[in-house]
Amino acid sequence: MIQVRALKKTFTSTVKEPGLKGSLHGLFRRKTIFKDALKSIDLEIKQGEIVGLIGANGAGKTTLVKILAGIVHPTSGTATVMGFKPWERSNDYRRQMALIMGQKAQVWWDLPALDSFLLLKEIYQIDDRLYQDNIAFLAETLMIKDQLKTPVRKLSLGERMKVELMAALLHRPRVIFLDEPTIGLDISAQRAVREFMKNYQREFKPITILTSHYMEDIKELCPRIVIIKEGAFVYDGSLSNVQRMLGDNKVLSVTTDEKTFKVTVPRSELSQQTHDLFTKNNVLDLNIHDPAIEDIIESIMRNGLAPV
Amino acid sequence: MKKWRFIVAMEFRKIFAYRSDFWVTFLGQTLLQLLVARALWQNIFESQGQTELNGFTLSTMTLYYLITSVGTKILAGENVGFISREIYDGTFTRYLIYPLSFLEYKTITYLTYSLFYSMHLSLIFLLYHLLFYPDQLTLITLANLTLGTGVFLLAAFAYAMMATLVELMALWAENIWSLMVMLRFLAFFFGGSFIPLDFFPAWALEILKYTPFPYLINLPVKTIMGQMDPIQVLQGAGILLFWIGFFRAAVLLLWKKGQLNYSGAGI
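Chains as they are written, first to last, in our numbering: chain X, 1308 to 1615; chain Z, 72 to 338.
Calculated from the structure, these hints are not laboratory results. Idealized CB from N, CA, C, for every residue including glycine. One or more of the hints may lead you astray.
To be verified - With a straight-line cut-off of 25 Å between C-alpha atoms, the simulated DSS-like cross-links for lysine-lysine are:
hint, chain 1, residue 1, chain 2, residue 2
1, X, LYS1456, Z, LYS73
2, X, LYS1342, Z, LYS85
3, Z, LYS85, X, LYS1452
4, Z, LYS73, Z, LYS85
5, X, LYS1505, X, LYS1411
6, X, LYS1353, X, LYS1315
7, X, LYS1456, Z, LYS85
8, X, LYS1536, X, LYS1342
9, X, LYS1411, X, LYS1452
10, X, LYS1315, Z, LYS85
11, X, LYS1505, X, LYS1452
12, X, LYS1392, Z, LYS327
13, X, LYS1353, X, LYS1328
14, X, LYS1392, X, LYS1353
15, X, LYS1456, Z, LYS74
16, Z, LYS74, Z, LYS327
17, X, LYS1392, X, LYS1342
18, Z, LYS85, X, LYS1461
19, Z, LYS328, X, LYS1338
20, X, LYS1346, Z, LYS328
21, Z, LYS74, X, LYS1342
22, X, LYS1315, Z, LYS327
23, X, LYS1392, X, LYS1569
24, X, LYS1456, X, LYS1411
25, X, LYS1411, Z, LYS74
26, Z, LYS85, X, LYS1411
27, X, LYS1392, Z, LYS328
Unchecked claim - Every beta carbon over 10 Å from chain X, so not counted as near; a handful from chain Z, in silico:
hint, residue
28, MET81
29, ALA88
30, VAL107
31, ARG109
32, GLY152
33, TYR169
34, PHE187
35, LEU194
36, HIS200
Chain Z with its partners taken away, still in its complex shape (with noise of 0.2 Å):
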């Protein structure tokens, strides 16, 4: 256990390492998707003469899209390529080589960068209310935000499971990148990044369903802005579980396999 708090540890100070990397990501990024989506919705609702859509306002409409900014970083945990990229250039070897399992140490990198883009999130909040609307700071509430946060972080466990079966093909495949840009569009797309799950016909969603997507980012995000309710949040982590349970057997029965084939190439 201590091993694995060390592991987190040294994570952030990876993290912390790069300033200006740090601020980028957080400032700049996130504002400038911000700002992008809150203009396009500002003409959505003026040329529809509306001041609600699909039961959204601009202003809620604005904090759906800030979230989602954090919460797709939150979910894409240390990015495309995390484990694919060290198999194509070797320095895979290393958690061959240490007394520790490779897929353990992974998982928790991965979630390190989860757990460190969920903390944008109150911070994000601060500039929600100081940019936009002052005078709403009771919109969102410290329980939603903290239960939002924790099915954010199991969405975000979920998704590195999808995310590492694919990039273990790396075992056999010379190249996996457009494989994982597919699966990257797919969580965000049907999660709900692009457009709120809310505009999508009762069919898709009634599909969407039987899928994990609509469970990466719309239920956490609609859990921090308070519109799920508790069953229904409960019933959102134990489909996400599941869903753990599916992708972790997956992954190991082709990490099984796909061991006998790494060949160490690149050293």
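Next comes chain X alone, as it looks inside the complex (with noise of 0.2 Å):
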């Protein structure tokens, strides 16, 4: 279980003026700014769930994640992992956890992925058997055996990712941090990293926190989001409901002999803002349908919980 209580994190950078004058002055001095990468947050996640982490850049879920994972330690408030203090960094909770970066390779680049996870077995002290029964099944679902063998450098990126998602899971965690594991995939690699995913989610039941941009990795994967902007948590409950929620509306797109355009009306004028269009335009063509959850998530990223 994950608990986390009034969660801040500020971080201290300094800047310098731009130009020549401010780089001499920055010699001598520079400003300290302070940015506030989470303001007191609080989250619960149960064993077994998986919640999906959405937020515009700089919002703060990987400072979150960071956290969580015992990178960086917070500025103030309080947060375990299965009883764990993440920041102290025990060896019990480091074997019991996995942080998977989308942008930042963690197995050994110049070597065959086999040889990393040989060392991985020996760091995490997985007993052979395991070693070898995880090895077939994370090779076979990824469908990555071939390239095992194959200096990583030399794979692609979606088979570097299988290969990064392999190395994470050797020792079967029951915490997975998710940090934008699809970026920069082709289509069929994003898929077949969600597909695996979610199945692994089914069979083997870890806390999961999947960071995102892809909509479509959240749909697919986390019944439960949490949406944060500038620091703090807007929303936290089901995929399902912030439509629910805010989206008692419906989308009209309308081709007219003119224009194509959308708009956004309460459901209770739906039939009047119909009749109306159809009264003011020459409609030649009318969809009707509910706000696409990436424009809602959109919405309140920019507006918080206002309504799409």
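Assemble the dimeric complex from its two separately framed chains, guided by the hints.
Here it is as structure tokens:
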């Protein structure tokens, strides 16, 4: 179980003025700036749950993941993951946790993946039987068996991601942090990774936190989402509920003889608005549908919990 | 223990993964350094009209530089930036996630490179005899070579701790390249890599005695050349152990403070 209470993280950095004058001045004095990456966050996630963490760039998603994975220390507040304080980085915790970063390789580039796996086997002290079973299971499910003897740097992006997934899951972690796992992958590789994670979650029931900018990842994998904006949570609940909560609207996609446009109207005004549209325009095509989840979430990220 | 053995084996695999790099480092760089130093000293000897300078003949001076050229590689281990580079690009995160001690892991990988370069020593001696002095096969004894290599590895451990101390400053500073270059210059210059310490004034040697530098290069090189008696070697090794303990304590303290500052930039 993950429990987070009043968790805060403030980063400090220095800035210098642009230009030569600024650079010279910066040699002696620089301005220190403080940025609240997380502003008193509360969160609870049960074993077996998979939660999608959504937010714009710089909203605080990765900072939260970094804290829960034990990479950075919080400024204040508490967090426990299965009873461990992550930033204390006890080996007992780290043996049960995995962090997979789509943008940063963790396996050793110069070597075939199997060499990295053997090292990880020793680091995580995985017994021979479990290791063999896991290699067989993961390689087959991810369809990467034939590439495991090739140096990682020679693999394609999709193959590398699969190798990263294998490396991170070899020790069968009970907590998984997936940070942009499908970034840069082509559509079929994205689908393969999603499918794999879905099956893995069903079979082994870890706690999983997924951050992704691809709504397909979220829709496919996360029944629960947390939307984070400027370091604070603006929504924590089911994916379907966010649509229901804010989406008591209908979207009319209209094509007239002059233009194509979309208009969002309250459900109660649907018939009146449709009638008006037909009266005022020469409507060639009309499509009535629910607002797309992407639009709802984008709206929340932009405006908070205002109706779409 | 098995874990650490495995890490050493893995680092060797990484080294051998790049064949051209291996041969360029081994032959190209070492031979080039040697040829330049030899040509320089040959001129000095000729211009002075002497066959011996501060206890060195041209033959022993060539040998000194030959050992030093490999010795500096033993000392420099995984090379400049082995921690700071990873802090800046975010790869460093890996060591915080895996259930292992980051400091031990980095020290072991560093010393693996030192071990690898120390293996060059014996091959280099063959070159020395083949290229320059085929009649002096007995100049280096196996016992001195073994002892000197051991002292070199101890020196590499001390230097690894010094380098780690500077590298960890990357947890605060945006660039530590100049600090690393400075440390390297100090260690190599005052260690006797550029000019043997025998050419330094007495007062400078008296001051240097209280620093770790003379024990990093001068001590192991002279041990291999048979110019140190066992007592001097033991004393030097003891001093190196003291510096290892000192710098390791400083590294642990810095790491304890520095990890609070780590922001995981780059991921």
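Consistency of the hints with the structure:
Under the criterion of a C-alpha separation no larger than 25 Å, the hint pairing LYS1456 of chain X with LYS73 of chain Z is consistent with the structure, at around 23 Å. Restraint check: the Cα-Cα separation between LYS1342 of chain X and LYS85 of chain Z comes to about 40 Å, which exceeds 25 Å; the hinted pair is violated. A hinted pair counts as satisfied when its Cα atoms are at most 25 Å apart, and LYS85 of chain Z with LYS1452 of chain X qualifies at roughly 22 Å. For a cut-off of 25 Å, the pair hint linking LYS73 of chain Z to LYS85 of chain Z stands: about 18 Å separates their Cα positions.
At roughly 22 Å between alpha-carbon atoms, LYS1505 of chain X and LYS1411 of chain X fall within 25 Å of each other, so this suggested pair holds. Restraint check for LYS1353 of chain X and LYS1315 of chain X: the C-alpha separation of about 21 Å stays at or below 25 Å, so the hint holds. With a C-alpha separation of about 14 Å, the suggested pair LYS1456 of chain X and LYS85 of chain Z falls inside the 25 Å cut-off, and the hint holds. Taking the CA atoms of LYS1536 of chain X and LYS1342 of chain X, the gap is about 14 Å. The hint holds against a cut of 25 Å.
For the given pair, LYS1411 of chain X sits about 22 Å from LYS1452 of chain X by alpha-carbon distance, which is consistent with the 25 Å threshold. Annotation: proposed proximity of LYS1315 of chain X to LYS85 of chain Z is violated, straight-line Cα distance about 41 Å (limit 25 Å). Under the criterion of a C-alpha separation no larger than 25 Å, the hint pairing LYS1505 of chain X with LYS1452 of chain X is consistent with the structure, at around 20 Å. At most 25 Å may separate the alpha-carbon atoms for a hinted pair to count; LYS1392 of chain X and LYS327 of chain Z meet this at roughly 16 Å.
Note on LYS1353 of chain X and LYS1328 of chain X: the hinted pairing is violated, with a Cα-Cα distance of about 54 Å set against a maximum of 25 Å. About 16 Å separates the Cα atoms of LYS1392 of chain X and LYS1353 of chain X, which keeps this hinted pair within 25 Å; it holds. Straight-line distance between C-alpha atoms of LYS1456 of chain X and LYS74 of chain Z comes to about 21 Å, which keeps the hinted pair within the 25 Å bound. As the CA atoms of LYS74 of chain Z and LYS327 of chain Z are separated by approximately 24 Å, the hinted pair is consistent with the 25 Å bound.
Between LYS1392 of chain X and LYS1342 of chain X the CA atoms are separated by roughly 23 Å; this keeps the pair inside 25 Å, and the hint holds. With a CA separation close to 15 Å, the supplied pair LYS85 of chain Z and LYS1461 of chain X stays within the 25 Å bound. For the hint linking LYS328 of chain Z to LYS1338 of chain X, the alpha-carbon distance of about 23 Å falls within 25 Å, and the restraint holds. Among the hinted pairs, LYS1346 of chain X with LYS328 of chain Z is consistent with the structure: their alpha-carbon atoms are about 24 Å apart, no more than 25 Å.
Taking the CA atoms of LYS74 of chain Z and LYS1342 of chain X, the gap is about 40 Å. The hint is violated against a cut of 25 Å. The suggested pairing of LYS1315 of chain X with LYS327 of chain Z holds, with an alpha-carbon distance near 21 Å, which does not exceed 25 Å. Between LYS1392 of chain X and LYS1569 of chain X the CA atoms are separated by roughly 49 Å; this puts the pair beyond 25 Å, and the hint is violated. Between LYS1456 of chain X and LYS1411 of chain X the alpha-carbon distance is near 21 Å, which keeps this suggested pair within the 25 Å criterion.
A C-alpha spacing of about 24 Å is found between LYS1411 of chain X and LYS74 of chain Z, which places the hinted pair at or below 25 Å, so the restraint holds. The straight-line distance between the Cα atoms of LYS85 of chain Z and LYS1411 of chain X is roughly 19 Å, inside the 25 Å bound, and the hint therefore holds. For the hint pairing LYS1392 of chain X with LYS328 of chain Z, the CA-to-CA distance comes to about 18 Å; that is within 25 Å, so the pair holds. The claim that MET81 of chain Z is not at the interface with chain X is violated, since a C-beta of that chain comes within 10 Å of its own (minimum 5 Å).
The claim that ALA88 of chain Z lies off the interface is violated: its Cβ sits roughly 5 Å from the closest Cβ of chain X, which falls inside the 10 Å cut-off. Distance check on VAL107 of chain Z: its Cβ is at least 31 Å (rounded) from any Cβ of chain X, clearing the 10 Å threshold; non-interface status holds. Every beta carbon of chain X lies more than 10 Å from that of ARG109 of chain Z, the smallest distance being close to 35 Å; the non-interface claim holds. No Cβ of chain X approaches the Cβ of GLY152 of chain Z within 10 Å, the least distance being about 16 Å, so the stated non-interface status holds.
With a cut of 10 Å on Cβ distances, TYR169 of chain Z falls inside the contact zone with chain X, its closest approach being about 5 Å. For PHE187 of chain Z, the condition that its CB be more than 10 Å from all CB atoms of chain X holds, with the nearest at approximately 14 Å. Non-interface call for LEU194 of chain Z relative to chain X: holds, since the shortest CB-CB distance, roughly 23 Å, exceeds 10 Å. For HIS200 of chain Z, the non-interface assignment is confirmed: its Cβ lies about 34 Å from the closest Cβ of chain X, beyond the 10 Å cut-off.
Hints 2, 10, 13, 21, 23, 28, 29, 33 from the list above are not met by this structure, while the remaining hints are.
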